[in-house]
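Trainee: Here is how the chains run, residue by residue.
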Amino acid sequence: MEYFLQQVINGLTLGAIYGLIAIGYTMVYGIIGMINFAHGDIFMIGAFISLMGFLLLGLLGVGWLPLTLLIVLIASMMLTAAYGWTVERLAYRPLRGSFRLAPLISAIGMSLFLQNYVQLLQGARAKPLPPVIEGGFELMRRPDGFTATISYLQILIILLTVVLMIAFTFLIQRTSLGRQQRSCEQDKTMAALIGVNVDRTISITFVMGAALAAVAGLVYLMRYGVIDFFEGFLVGIKAFTAAVLGGIGSLPGAMLGGLLIGMIEALWSGYFSVQYKDVAVFGVLVLVLIFRPSGLLGKPEIEKV
Amino acid sequence: MAAVQRPSMDDVLPRVGREAALAGLVTLALTATMVGLHTVPGAQSRLTLEFRFGDVLMAVVLVFFGRMALAFTREGFPAYGLGIGVLIVAGSLLYPGLPTVVEIMGVGAGAIVGINAVWRLARPMRPDRPPPKTSAQLMDDVAAWVQRQSVVIGVVGVAFAIALPFLFPDRSSIDLATLVMTYIMLGWGLNIVVGLAGLLDLGYVAFYAVGAYSYGLLAQYFDFSFWLCLPLAGLLAAFAGLILGFPVLRLRGDYFAIVTLGFGEIIRVVLQNWSSFTGGPDGIASIPRPSFFGIAEFTSAPEADGLPSFHTLFGLEFTPLHRLIFLYYLILILALVVNAVSLRIRRLPLGRSWEALREDDVACQSLGINRRNIKLAAFTISAMFGGFAGSFFATRQGFISPESFTFIESAIVLAIVVLGGMGSQTGVVLAAILIIGMPELFRELEEYRMLIFGAAMVIIMVWRPRGLLAHRVPTVTLHGGRRKGGPSPGQRPEQVPAE
Amino acid sequence: MIDVQAPLLTVDHLTMRFGGLTAVDDVSFQAGATDITAVIGPNGAGKTTMFNCLTGFYKPTEGQLALSRNGATHYLERMEGHLIAAKAGVARTFQNIRLFANMSVLENLLVAQHNKLMKASGYSIAGLFGLPSYRRAEREGIELAKYWLDKVRLTERADWEAGNLPYGAQRRLEIARAMCTNPRLLCLDEPAAGLNPRETGELNELILSIRSDHEVGVLLIEHDMSVVMKISDHVIVLDYGRKIADGAPEAVRNDPAVIRAYLGEEEDDALPPDVAADLARDAAQPRDPGA
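If you read the sequences in order, they're chains A, B and C. Residues 890 to 1194 in the working numbering are what the first sequence lists, from first letter to last. Residues -15 to 483 in the working numbering are what the second sequence lists, from first letter to last. Residues 19 to 309 in the working numbering are what the third sequence lists, from first letter to last.
No wet-lab data here; the hints were simulated from the structure. Certain hints may be false.
If you want a taste of the chain B side facing chain C, the calculated C-beta under 7 Å gives, among others [said to hold, decoys possible]:
(1) R336
(2) L351
(3) I353
(4) H463
Predicted, not measured: the structure shown is a model, and the values here were computed from it. Where is the CB? At the ideal position from N, CA and C, for every residue including glycine.
Please model the entire structure based on the sequences and the hints provided.
Mentor: Right, here's the structure in full:
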């Protein structure tokens, strides 16, 4: 029971991270119908920028933790968003209306480029970060001494995710920006005719997705204490799986899918085998796509004739 | 004839300035952290930072002026563009103490904006003339020429490939040629699925792995010879393709891509962790080398395993090169078989239906074509060729491990197909030589290889989405192609994609 | 009333729902063996949805679609999409032309003969070795393609890329391609959309000659009343997914329900029938042929 509880808490934390990344996949898919293959690498860049932020603030002698976190969070979101914007501008925008496979191939190229860009500039070795927030609450103790704990960091991650989700839902549902975005999802030509700047709306979508991925990168770095240039690939695919599982194009779906994938991974590692946890996630991806391609909360797609 | 209205500098300058400043600012945002800060191990195994703000400054300056040159050229002042381009090149070469990489980037960027400007200077936009051909249209002419000359190019290419071991009879050249040829074969194999049928397979390496492990395991457990395993490996890989393909082929394009990627990773993870059977991360070592068609062995001793050695059989001096040359010819033949089959199938109903599927799969169904079956055929045939290549890889290396079958490998083969030109056999050869051969020749470029790849994939997609040498000729003509007409694809008015 | 002696197609209580929307609502009709049957109705009446049910792109929610060919009856609602074309012999064209744009005109017509040629190529095995039986089959395939190229006046442009043809020629090629599958029922989805009056006249002749030279029934969705009234033997009118009229062109043209559907409720008894019909024709014309 204690062990199970611990795995659930770990799963929730991991799932929150996947969910944050999955939102970026799902929004981009919703609006331009492509898999932004480089999104996982944007997440990785967000983690790297956060790492540098911590190191830089350490050198500058900023010691008060909440201030450090706030600065790193905002800086990482903004600078990572610049990457998201640039990727869209250079690799995807010129390809609108092009050959069907072109954007996807371009995205794969962008992903390779970003990975190797970071590797060249920062080295191939994994970068460690000492724990920023330590300690936690003890929840349950087993007679043999095993305790289920929830760390302050895990609480922070879950709270941060909840806050961001609420803010984000508000943004999409209530603001004019959100309306523009939804109108572009429905019909870009029509949206352009009624005065929506489609290019700008798509850019903003990428910027928002990248900013959320940066948050995911920050908390991933704090939770696991290490990042390397290749990390974005696997995490990105898992987050994509989460987006598909939840129903691609659906924001609550992305979050739900993230939580489920996080749970599956944590429980699988806890009870079966750590080595095959990636196979479990890929297995879920394959099964969902084959048996329910519209995901849990997505709308079924009808072949247009 | 109306005089060309030349825009005034006063109008253009603020626009150009703003554009360049924005580009510079974005570059600053991108590079300030990733380039400007270097995480290095410090005291007590904690990280610390080094600062490289000089590099950031150089990047910003380069992008600022480069963008300015492009903007000037576009706005009708190519002379300014050329001037700035020349300044960038000169600055990069003359500024003391620049790292080589920065120098190369500077010269390259300066050259590109300069050439762009020269092009506009040479052919100014004139309302009374049709607009000058774009670079993509020029490339299309090149691709069309290559396609017309494909017989000549093919004969010369094959003759060169046959003569190669005698022209460069040294170990490293033959090894490199063998490596390039392996990728050509993989590229041709994948081209069936990606180039002809238009299915983006991101897990091609899975079939390469199945082929390699088929031979490795059959040799290890049952002592099967290479010549028995080669067809078996192809069959097993085809079978794997059939099984994996069956459920996934009804998925839409991008879902299909991601699922194939998933399968590729699953196979690799299983190979890595099923240690008792596959050797796990250590892989399989001492995989037997192939004999000379079961007639002779490549050994220095005159006789081995009851077979004469190759050099005694043919009365030659022993040299270890014999086996390498033999392996080279083996992969050459395998690759040529793949090529011949692909070219032939393209002209058969099956190949035509693949291309039709790539163009419009809904229309295919309305014509009574069983989409699932023909996709499955493409997937299986391509997997079989991957399996052949895999078993060759195993016997050449003598050692295989899951390390060799990562996603990067799939991405490289895909890059070969995509850059060369989807559906273009010559393009695959060109791209394989560029992608595999070049970094081997220029060792110092090795670490930049994947970076250049990624960038090249993006650039080619933006420039020519179907690849460098992609140019389709009909599989059958009524008038011998002589009266082939109409505007070329690049000039066709943009068709609104059906949504 | 028209005489449906031996119905080629019997549509029985066809219903198609998408979630809450009923696009086709309990429609029944019959199409005669070599009749030209037109399906008309205002935009959104469910015409194309019905076509998609007939050609296997949608599975109908309810109803039966029976097609008789060579004495056998095929139930289309139960068949896999590609078999509807391959076995039952239903061929179609699309409202927004779906040619293989980067393939040549001739190749488009050969792809349409895929099943026949595939068999002849021994599922590629015999073809791979270039056996004479396959070469003969391919020659025959090209002959058939030539016949249709002549018929739609595209022989000169046989080696062009299909996507480079002018709009009207693309429409004709799509019909030729459908005919190369050797169909029993040809479904044309707005074949005259975007054609000029001269091209429309030629299209009428093409459809009539297809019907007279080949044993094929034609099912036609059309907005252009000059096509519908001139060539069809039988007209079915849909409105909001329901069938509101069914009969000979003349009868349908004067049917008050049809006029109401096109013009709305108020004006129906204020206008004499032929004026109303003319108005209906104008209302039904697509406003912007290029769109």
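Trainee: State for each hint whether it applies.
Mentor: Consistency of the hints with the structure:
The closest approach between the C-beta of R336(B) and any C-beta of chain C is roughly 5 Å, which is under the 7 Å cut-off, so the hint is satisfied. Interface restraint check for L351(B): the shortest CB-CB distance to chain C comes to about 5 Å, inside 7 Å, so the restraint holds. Contact between I353(B) and chain C, as hinted, is supported at the beta carbon level, the nearest pair being about 5 Å apart and thus within 7 Å. Hint status for H463(B): holds, given a least beta-carbon distance of 5 Å to chain C, under 7 Å.
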